[in-house]
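Peer 1: Following the hints, complete the assembly by docking chain G onto the known chain H.
Residue numbers (my numbering), protein chains in the order written: chain H, 3 to 138; chain G, -9 to 127.
Some clues are possibly wrong.
Unchecked claim - Have a look at the derived ranges for each label pair, beta carbon to beta carbon:
#1 G:126 with H:49: 38 to 48 Å
#2 H:51 with G:32: 20 to 30 Å
#3 G:32 with H:9: 15 to 25 Å
In short, the hints are calculated from the structure, not lab data.
In this text, all values refer to a predicted model and were calculated from it rather than measured experimentally.
In this text, a Cβ means the ideal position worked out from N, Cα and C, and glycines have one as well.
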Amino acid sequence: MATTTATLTISSTDLLSDELALSTTATLTSAGNSTGLTGTNGLARKTVAGGHAQYTLFAAASHTDDKAHKVYLKNMSTTAAEFFLISIHDVEVGRIYAGDWALIPWSADTTGDDADFKIDPSANDMTLEYMLFTDE
Amino acid sequence: MATTTAAVTLTSDLLSDNMSVSASTTCMKAGTTADGLDQIEYGYVEVATGDEYDLIATTPTAAKASKLFVKNHSIDETYYIAITQNSQAIGRLYAGDWMFIPADFHDAAADIAITSNGGTNKVEYALFHEGTALTTT
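Here chain H stands alone, though its shape is the one from the complex:
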């Protein structure tokens, strides 16, 4: 069985009066059992030359819905004002600004409208690093 782990560390010495040192590790497993996730598209990068427009990064119909998929994203831009707007179907989840990363669970739900995973760069020639871990 493949083993995939995700370790998060969040730290701050001055956000609160008490130092923040949050650390956690998850072994990424399939829905409802302890079997490791079995698929990935590998680590990839895409430069979106066309700029501001919405693009489908992952189509829900291509994956088993309502499982334990995870999506890793990183905005490779070094220009502070540049961001990718992340949406699931037509719901705006949030913005990842230059240098920001995210690990997002993804339902790939197709019950109603397909929960396609979409990106919208705020400028031309922005590069996104991404990886999908799948539970098929």
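Peer 2: Then chain G, alone, in the frame of chain H:
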């Protein structure tokens, strides 16, 4: 300014080339490198099965660089919390899973909600943001 860093390491032997991906970011306010996110909500709740609950009671300033961390502390592998936003399924966090996502909160309907499945799930969360609209009394 407050300085908060968030780092991730992903390791996997799914591929023939063992993977180890690391990334770190300093959580800044939207569009700047000069000022870090300086406000936080940090909590731990037990959520019984059934109803859907808004995880964040107040509304952070919309279209900013807010970040939301959520971890499911349940240990039964069949338990999960479903994450939804404006009734749209986002994803599921099974026992032990965590997420670190951007949170746009572009309008009142964009609250992030959770629904507990399988049993009572124990959920840790932290919202890093740059302002909320408090409800007047």
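Peer 1: Determine for every hint whether it applies to the structure shown.
Peer 2: Against the structure, the hints:
no.: 1; hint: G:126 with H:49: 38 to 48 Å; in the structure: holds (46 Å)
no.: 2; hint: H:51 with G:32: 20 to 30 Å; in the structure: violated (40 Å)
no.: 3; hint: G:32 with H:9: 15 to 25 Å; in the structure: holds (19 Å)
In summary, the structure is inconsistent with hint 2 from the numbered list given earlier, while agreeing with all the others.
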